Amino acid sequence: MNFCFTSIRNFSKLWKSHQYLGLGPGQSLAVFKDYCGLKNQKKWFSRKPGSPQNTKANNLLIAKAKYLRKGNVGSNKPEFSESPHYFAAGSAKKRSQNINPSKDRALPPVKCSLQIPTKPLTSEEWAKLQADFKGKANFENWMFSQMVRSHSSLDVAKSLLAWVAAKNSGIVGYDLLVKYLCLCVFHKQTSEVIDVYEIMKTRYKSLDSGANTLLIRGLILSDRWREALVLLENIKRVMVPSKTNYNDCIQGALLHQDANLAWNLYQELLDYKLIPVWETFKAFFDFGRGMKDDQYTKKLLDILLYLRNNRLYPEESFAHSIKNWFESVPGEQWQAQFTTVHKSGQCLGCGKTIESSQLSSEEYDYLKGKIMMDVIDGGDQYKKTTPQELQRFKNFVKTCPPFDIVIDGLNVAKMFPKTQESQSLLDVVSQLSEMNLRLLVLGRKHMLMPSSRWRKDTMKKVQKLASCFFADNISEDDPFLLYATLHSGNHCKFVTNDLMRDHKACLPDVKTQSLFFKWQQGHQLAIIKKLPGSKVVFQPILSYDTVVQTTGDSWHIPYDDDQVERYSFEVPTKWLCLHRKS
Amino acid sequence: MSVSFTFLSPFARCWAPFILHRKKKNLYSAVLQRYICSKTPSAPFPNKESTAPTEELELDKWKITMKSSMQDVSVVSGNEEDTLTATKELIEMWRLLGREVPENISEEELKTVMDCVSKSSKKKYLKYLYVKEKAKKAKQIKKEMKAETMEKARDDRLLETIKEDKQQNFLFLRLWDRNMNIAMGWKGVQAMKFGQPLVFDMAYDNYMKPKEMGYTISQLLESEGWNRRDIDPFHIHFCNLKMDGPYYTELVKRYGEKWDKLLLTTTEKSFVDLFPKDRIIYLTADSPNVMKSFRHDKIYIIGSLVDKNVHSGLSLAKAKRLNLATECLPLDKYLQWEMGTKNLTLDQMIRILLCLKNTGSWKEALKFVPQRKHTGYMDVSQQSQELLNRLKKLKTSNKFPKGSLKQHTEKNR
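Protein chains in written order, with this note's numbering: chain A, 1 to 582; chain B, 583 to 995.
Quick caveat, the hints were computed from the structure, so don't treat them as lab data. Quantities reported herein were computed from a predicted structural model and do not represent experimental measurements. Take these hints with a grain of salt, some might be off.
[What the hints assert, rightly or not] Within a straight-line C-alpha distance of at most 25 Å, the following computed PhoX-like cross-link-like pairs (lysine-lysine) qualify:
#1 K721(B) - K243(A)
#2 K243(A) - K706(B)
#3 K136(A) - K724(B)
#4 K955(B) - K205(A)
#5 K236(A) - K724(B)
#6 K670(B) - K504(A)
#7 K724(B) - K273(A)
Extracted from the complex, chain A is given alone in its bound form:
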């Protein structure tokens, strides 16, 4: 099933990185690895990316694979195949593929009408081509856009421009000029870029942001690279420059050995509250390779701390850059390896323990307050509950001793569509109560109304085994779940398969949200599957925190695998482990 998707994704990545070839020295290696798809083939079945004719066969295979897997796992519907962690990178993708496997398999439709010429044409030939062209758009514009898209050679573009200029008494429109510039930048024809730059400068008072971006990208390779900074200033007069603008300028400064300027630009970028692109970080690390400069080293380590504070995870090529830099630091013998982390939180590379995901008591209190304020209350208590109910709940929680497990009754009950709701709730509750845990079941009042789905006797049994709180039918139960868990203390866990993204979104800022996520990772028990004997298997809780971290003489850096598509609420599983030889 998977090989089909990976091949397509690589395809798009190929296009992206290809476009970017215009930039980084030393970047091409990584790109070509992607290009050939060498890595992913050993990972999945060794199948070539399917051609369009092949899709039918593929589909059949996929269907078969799906059925076979279904057979292996068992007859229960929520079949999450052998446990990647609930929050592990790529698992959401897998889950969604389990639910509707037919999605995003279609290849983009291939458009082709007029042939794009491959060599320069004379005026007559262009005129002829225009006569053949049938379309709404302006012929020159359309043709030039196609040429940009297919990266035609500059000579062809020039011949088109010459023809247009001849038609218009020597004048070429601004839009064509920009498109030509785009081609020049793509082919790295710096002299042409400078020519166009001169033309633009003389003909137009100011340029738009797109042209400025292209000029910056083109100029940084030449020795007039400082003029790129002027262009950057021009952009700044009207709007905030993009992070790629800054990236280009920083790359240019580093290319011409002006590290100070590069760091100043980097600081400016951060001051705008922009998050730099990976290439920027990578450029700094690549530049610093083999350098013995304490000042510079400190700044690089600051970058790593920046990643830590913002919970950013490097992409694979950047992880390689980090590794190479550490290994090249003269005098300090760093040893690096790519590894994973054991469930217990031990790095499989060096055996050190990764930071625990427990919150500090300050963080804990802060989070508790925020959940109460922003998720449950939210400025209007009537939105999610009522003040009376909130009071009732608060009193209820106060009178009870702290719980060990809080269960989202409705979520658990609906997990197994083939079992009766109240029965599946009872299964889970009784299984947990056997372990001598103090349980709290949260639900809604309608669960108490006897019906075919909610049997009275089973609910009675549930109430015997656990404390229960039933909210109004139109109230939300999740906020109560969060608060009850937080109120009971750090040891308390909660059972639900809800990812709680909507509640996370209620929190005011990114810092609090990441704090919430950290806590959630350490306290959420998700149900993976149900064994035949009504036994439920829970996702083991991650005891460690996935974040860039250091102990002074070691660094552990989680990074994104290029092959895995990670959703924003998931964390990477791969780590870069760095430690000093002793």
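With chain A fixed as given, assemble chain B onto it according to the hints.
Quick look at chain B alone, frame taken from chain A:
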């Protein structure tokens, strides 16, 4: 900023002679090219230009003409710091690129553009201006064309009247519009006295941005219009209408001097103070209760709120706070819903309610729900069929995967 400019000007001075003398320029570019080639050996594209210059096509001819028609070079140095002009120039350049920006922009609008926080909001606003400008132009053209045809028609008519100039007998003068208005006013007064109240709750001004407020007011105007034309109008109440609030100012602005002659009740009081609580029903799409039939003895309340960013449960929370009954339209029961939110616009709501009040037929009333949102009416037999299907699915789902699995494995062998 000033720092960077200082090193521009020497550069500009240096390069200016190069531009003027083509020979030198070529020399320069040759040097530079060599430099570049040595610098970036991994360029993916073979450097065709330096290896095989195609002389007969004169590929660079256009550059000469482009450069020869040179402007005053002093303009380039960009000494005007004014962001206003810079923004104006940027918009002009975008227009040259065929982006969606307006051709003419006023100072005020330009300031709004500059106040936009992000690039995307700037683009959005500019697109809005562009569309507005385009619509205005199209309207202008249409108007001119209409005037032309009118002129022609009048000339024709003049000829006709000259031809057959004879007396005709009429029963009425042509005063239809005025008579209509008077009749509607009469009906409106009747409604003010004996009509069923319908309340628009105007307490949502804090939740809306100016744009959304504009939409709300437009919808209110339209609702009032539909109500006025109806055979048996509601007695409309605008409740919680603060006299200095945005609702009030906008309404007065739109209605002009007609505002004081409108046949509806406006009040700063809440509807709970005007009517007994047990007769009030708050209509909200979030309500768990479905409206079964239109009750002529109840007071229905519509929240006048357009929420582009989703404030879900806002009106439900309000009803909960005041402890009122809530209801929602039975859209799912009667329509096969396809897409879009179940929140309808205010004018759609009032038309549905008016229709219900007059006929009591849901099918008739729900034809005011936009057609794009549903695929058709649900018939009763279909509904029961669906229920049956669902039940069947529940029963067969145990067998189905296993059976098909067997088949597949057999085929494999």
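Do the hints match the structure? See the list:
| no. | hint | result |
| --- | --- | --- |
| 1 | K721(B) - K243(A) | 42 Å, violated |
| 2 | K243(A) - K706(B) | 20 Å, holds |
| 3 | K136(A) - K724(B) | 23 Å, holds |
| 4 | K955(B) - K205(A) | 49 Å, violated |
| 5 | K236(A) - K724(B) | 42 Å, violated |
| 6 | K670(B) - K504(A) | 41 Å, violated |
| 7 | K724(B) - K273(A) | 49 Å, violated |
Hints 1, 4, 5, 6, 7, counting from the list given before, are not met by this structure.
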